[in-house]
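Novice: Here are the chains, one letter per residue:
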Amino acid sequence: MSGVAVPGVAVPIQAYLAVALVLFAIGAGGLAVRRSPLAMLMCIELMWGAANLALVAFARRIGDMGGQVMAFFAITVAAAEVAIGLALVVLIFRPRPRADVDDVQELKG
Amino acid sequence: MHGQQAGQWGWLLAVAPAAPLAASLILAAFGRRLSARAVAWTAVTAVGVAAAAVAGAVAVYLSGGLLRLAPAGWWWQPGSQAPGLGVGLQGDGLSLWFALIVTGVGFLIHVYSVGYMAGDPGFARYFAELTYFLFAMLLLVLADGLMGMLLGWANVGLASYLLIGFWHHRPDARAASMKAFLVTLTGEVGIVLASGMLWGAAGTLRFAELAERAGGLSREVAVAAGLLLLWAAAAKSAQLPLHVWLPDAMAGPTPVSALIHAATMVTAGVYLTARMHPLYAAVPQASLAVAWVGAASCLFGAVVACGQTDIKRVLAYSTMSQVGYMLMGVGLLAQMAGLFHFFTQAFFKALLFLAAGLVIHRLQGEQDLTRMGGLARSMPLAYWATWAGALAMAGIPPFSGYFSKEAVLEAAWSRGQTGLWAAGTLAAGLTGFYSFRLLALAFLGPGRGPGGSRGVQQAATAAGHHEEPAVLRRAMEVPVAVLAVLSAVGGLAWVPGRTGWVPRMLEPVFGTTAAHGPAGEAHGAAGAVGWLPVALAAAGACLALYLYGPGARAAGRRWRAPAGLQRALAEGLYVDLAYRRTVVEAVVHLGAWLERVAETVWIDGSVRGVGALAALLSSLLGRAQAGPVRRYALGLLAGGAAVVAWAVWSTWSAG
Numbered sequence: 000m001s002g003v004a005v006p007g008v009a010v011p012i013q014a015y016l017a018v019a020l021v022l023f024a025i026g027a028g029g030l031a032v033r034r035s036p037l038a039m040l041m042c043i044e045l046m047w048g049a050a051n052l053a054l055v056a057f058a059r060r061i062g063d064m065g066g067q068v069m070a071f072f073a074i075t076v077a078a079a080e081v082a083i084g085l086a087l088v089v090l091i092f093r094p095r096p097r098a099d100v101d102d103v104q105e106l107k108g
Numbered sequence: 000m001h002g003q004q005a006g007q008w009g010w011l012l013a014v015a016p017a018a019p020l021a022a023s024l025i026l027a028a029f030g031r032r033l034s035a036r037a038v039a040w041t042a043v044t045a046v047g048v049a050a051a052a053v054a055g056a057v058a059v060y061l062s063g064g065l066l067r068l069a070p071a072g073w074w075w076q077p078g079s080q081a082p083g084l085g086v087g088l089q090g091d092g093l094s095l096w097f098a099l100i101v102t103g104v105g106f107l108i109h110v111y112s113v114g115y116m117a118g119d120p121g122f123a124r125y126f127a128e129l130t131y132f133l134f135a136m137l138l139l140v141l142a143d144g145l146m147g148m149l150l151g152w153a154n155v156g157l158a159s160y161l162l163i164g165f166w167h168h169r170p171d172a173r174a175a176s177m178k179a180f181l182v183t184l185t186g187e188v189g190i191v192l193a194s195g196m197l198w199g200a201a202g203t204l205r206f207a208e209l210a211e212r213a214g215g216l217s218r219e220v221a222v223a224a225g226l227l228l229l230w231a232a233a234a235k236s237a238q239l240p241l242h243v244w245l246p247d248a249m250a251g252p253t254p255v256s257a258l259i260h261a262a263t264m265v266t267a268g269v270y271l272t273a274r275m276h277p278l279y280a281a282v283p284q285a286s287l288a289v290a291w292v293g294a295a296s297c298l299f300g301a302v303v304a305c306g307q308t309d310i311k312r313v314l315a316y317s318t319m320s321q322v323g324y325m326l327m328g329v330g331l332l333a334q335m336a337g338l339f340h341f342f343t344q345a346f347f348k349a350l351l352f353l354a355a356g357l358v359i360h361r362l363q364g365e366q367d368l369t370r371m372g373g374l375a376r377s378m379p380l381a382y383w384a385t386w387a388g389a390l391a392m393a394g395i396p397p398f399s400g401y402f403s404k405e406a407v408l409e410a411a412w413s414r415g416q417t418g419l420w421a422a423g424t425l426a427a428g429l430t431g432f433y434s435f436r437l438l439a440l441a442f443l444g445p446g447r448g449p450g451g452s453r454g455v456q457q458a459a460t461a462a463g464h465h466e467e468p469a470v471l472r473r474a475m476e477v478p479v480a481v482l483a484v485l486s487a488v489g490g491l492a493w494v495p496g497r498t499g500w501v502p503r504m505l506e507p508v509f510g511t512t513a514a515h516g517p518a519g520e521a522h523g524a525a526g527a528v529g530w531l532p533v534a535l536a537a538a539g540a541c542l543a544l545y546l547y548g549p550g551a552r553a554a555g556r557r558w559r560a561p562a563g564l565q566r567a568l569a570e571g572l573y574v575d576l577a578y579r580r581t582v583v584e585a586v587v588h589l590g591a592w593l594e595r596v597a598e599t600v601w602i603d604g605s606v607r608g609v610g611a612l613a614a615l616l617s618s619l620l621g622r623a624q625a626g627p628v629r630r631y632a633l634g635l636l637a638g639g640a641a642v643v644a645w646a647v648w649s650t651w652s653a654g
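Sequence lines, in order, name chains G and P. Residue numbers for the first sequence follow numbering that gives the first Met the number 0, beginning at 0 and rising by one. Residue numbers for the second sequence follow numbering that gives the first Met the number 0, beginning at 0 and rising by one.
Do not rely on the hints blindly, as some may be mistaken.
What the hints assert, rightly or not - Cβ pair distances, simulated, as ranges: (1) Arg97/G <-> Val643/P: 52 to 62 Å; (2) Ala625/P <-> Arg97/G: 47 to 57 Å; (3) Gln13/G <-> Ala613/P: 47 to 57 Å; (4) Ala14/G <-> Gln624/P: 34 to 44 Å; (5) Arg93/G <-> Ser618/P: 27 to 37 Å; (6) Gln13/G <-> Ala646/P: 44 to 54 Å; (7) Gln13/G <-> Ala625/P: 39 to 49 Å; (8) Gln13/G <-> Tyr631/P: 46 to 56 Å.
Said to hold, decoys possible - Selected chain P positions facing chain G (in silico; Cβ < 10 Å): (9) Pro627; (10) Val628; (11) Arg629; (12) Ala632; (13) Leu633; (14) Leu635; (15) Leu636; (16) Gly639; (17) Ala640; (18) Ala644.
For the record, the hints were derived by calculation from the structure and aren't laboratory data. Model, not experiment: these values are computed from the prediction. Backbone N, C-alpha and C fix where the C-beta goes; we use that ideal spot for every residue, glycine too.
Okay, chain P solo, but in the shape it has when bound:
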């Protein structure tokens, strides 16, 4: 029965990436000649088709089918010498789980982009690149082996590069796109190396076959491959110590930040580590390394987010922190908890970004929190959406983030990893603080710009209202409203103790232990411990509202951190500076040295040497071509005589 369904519905898997790819190609080729309306409809329709295909695939999967699309004649097929290298598609619970979010949130953000990017001269290019990203991301999550996943992985990197640098007239956007591309590229090297090892040791790169053979791998190979894949995951998911590209990546358009750098692409590392769970299950040390990288990033991101003043950079560091929770869950082999947090984070983080986008759009590009304030009255939708997003991110019940974060922390507690639990709990408190600091600074209190932002804001409001048709405004507001609802109720997908979407999708992949861990009774014992993160988050939120909320300045309550600390947080704890002092300067010096020595001496020298050699040879040979015909004739005769003499001599000496 499974086989039949796989054959019958496998094409759904191909439709999902093919529709955005087709739209991307159409828009890239003809986008300039199409009207903005046609461009928008092409992109949104394609993504809608992809979302429908994924929804259909999920329905098939839930009715007991396993979807698979083996590499057929239409795709590159390896020879018999290289089994297990082909690129096919598969739709198991994990793949579809990601594909569902990618297409669902992707659809909403495409709709939002229609309003946000309206009037941009690069409107068609934007949608060509955004649909291209969606194609690559779906290839990444639907591929049935490391080979296909790597193809998707590299392509999302390129799409991310293109979209971060979308406004390429801005030098910071150009630099940020390059930085993101290079840092994540180091991760691709990790995947390639790990793939080579696994192929050498297991003879396949297909996930299904790898899962069967993971237990038989030698320890060294398993640990090395696990750590290399962790490196790749950290690079893509902006985890320590490779997170430096994510805050800079905020130079891209805000919907791009929401889709690529919050909801989907940065969670590719979570997908990778979850997908390779048989490997990590075989080597607990590598698995624990994943969890610790996640926990460290979680805490680091939360600390730095508290000191950022750019609204998008706050959200970027919060993304790093939330992805840290996911990796913690996956590394603890409580994959369902980590993936559940991916699910809820996609909603509330996209929501927060899109709400921030509304603010930035209204304020005509202003992103500095210290120059905002008092927007609650004029932008009620963005205000309440940010409330929903902040409550969900802080993990206040019954908002979605509560359930998923609790699941992760509970997994850490029940597995006896107190250190991980403490880091996550502390980060939860900080999450409450920075979420509500953002909310308070942007929406509450008086305008904070020099001379008050009211004037700027009113001018912007007037400008925004008269040039923006209602349909475009609604294109931005409806996705925000939908995401706000999903952020609020998304936790119902897996109320602890009850069945829901999460177990039905993911249990066939990971088994039941991935939910609560082997010690089921620890679930109940977590009671008091379980409420601690919530209490800390609530305290953090109250503190933020007290310090930055309405009337805080009038009452003189504005807390000033020591200047050194403030500066350190604003600089992201100097990680960027450390990279610049070490890696960047080393590479620059190497480049200068190569230019001086390799370029001028080796390369130019050899090129000039070849030229000089040719000139020398030609001057020698040219003497033989001086022109006298009779000398040529003599040469011919002498040559002929020599040949005859040689023939005669060799005949005699032989005979």
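Same shape as in the complex, but just chain G:
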């Protein structure tokens, strides 16, 4: 039972986790280096996807569907998050000449 039980091909869980890791690293790195708020939102989405993938893979591995259900919830919440995040980005950057998060520093302590 080391692989995921797909008829025909047996993809080992390490493969799923590797993909998830790569996706997460891309997202995290992009979040850290990009200055465009839209790009940063997309990077966050990448990290969401990586986390969901890991959830689903572990759920299959353990044989507990709870993890997959959790992934669906996460997708739903992510959709809501994107809707709110985009709205905020539009509101924040509409009066500005360009969309650059480094320009938004009004709340500095």
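With the hints as your guide, set chain P onto chain G.
Specialist: Just chain P, lined up with the frame of chain G:
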């Protein structure tokens, strides 16, 4: 049968304090919107209801019932961990004895106040406070334990504070109210400490249970509690060395002086020591200390009263002196004698104050005896009332004071306490002197004011007559007349050797020995000794009339005391000065020191330190909140990575 009656009539005890309380609340809330007539009727009716309730309770008691109102659901009920702490009401002979005087004299003085305070802008406030006092005093005497008594005790103190400072635009009234409150407050500390001791040792604060367990107390506890309660009694009853507040308390309206500072509240110390008689019976030394404090105050007050010139201060020191007799009686375990003197003193002292009030009222606030004189013709009622009061206070038979004072002195003699007897006898002589000095200076001879008081008096008389409706004048005169009669015949309540009200009320509480003492035959042997105080009092009275009476000045008989003595007496033998030099200045210096050090360094320093610390922390943390969004994101990632790293590390090290 007793139980049945207790259940049936116990509510009378609740009515007595509740009626004045209700009136007080009504007047405090709506007094300003009510007419003076409505205010007066509310207060007088409430006090009348209370008096009727007490009279009913007395009737039940005399027919053999013991009234009791245990703490029911309507009152705070302690948990089972604290038995004996509840606040209930009881109506035994001693409680009802006091309640009878409080409501009876209280009723007369309320009526008198309607006339005396008429036209005062604070008319409604006055009655709200006076009825509040009556509520608190009834709670004090009707409570069935030290806990409830302390509640009443503290509340009468507050009422006294409010009423002494009633004319709060006068600085002397403000200072006097503060002084009275603070001095009597030290006594409350004594009660609290004694209550703690007794509760720890006996496990109860209820009087009935305390009486049963008093004999089993350890000596140290009994002596300490007895002395602490004596301290409290001395503070409330203006006994040495805590009497200094009483003369100043005369800054209040005269009916207040009559009710609170002569007839009722100042005798709370007598009530307390009489109520705790099982405790004092167990430790004769503490009991004797009570008697000696009483005797010393009795003599001290009588001496100082001879040298006062303010009519109300003379009466204040005389109150101190008369309360001293009561404490002497109670301390000698002749409680019935002491309480009988309380009974008669309430009448004649209230009478003297109210008569003085008539004079002060007529003279528009003049209280200086040296500026009065010759009022006998224009104020016959006040004159004859003062005669009755002075004769009763001096103890001239058959006026009431004679019987009660004799009972106290006889108790001292028959118990072999010659020192106490001598002090009391000497004070009796002085009583005769200062009573009749007051009478002579105020009413006899020519006017003594600069230019004669006749002019002032005539102007005042004219003013008084045309602005005062007859009903208000009668409201003041009728109580004076009633009290004059009671002062004259009040002694019949207990003619020695016969039964009367006093034994019937009080013997069930104290037992028969409290009347004449164990040596019944000494009663008869006192004959010649018994007449000595009367003879001294009569001599003092004659001397006063000779020195200050009609024609004394014309004949050049005015005796001049040495200036030093005169000054010492006027200053109350410098007790106030001693307090100022020691206690007051020490406290003032302590306050100044605290302001300099504690206030500026400790309190301000710590407050400013807290502020500075918050500013420092915020400037540090603020750097982390500089605004760059991507740095926040990096921080989040780093934090997440740290959590994961910690989880992995702990899993490996565990597995």
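Novice: May I ask which of the numbered hints given earlier this structure violates, with the numbers listed in increasing order?
Specialist: 1, 2, 6, 8, 18
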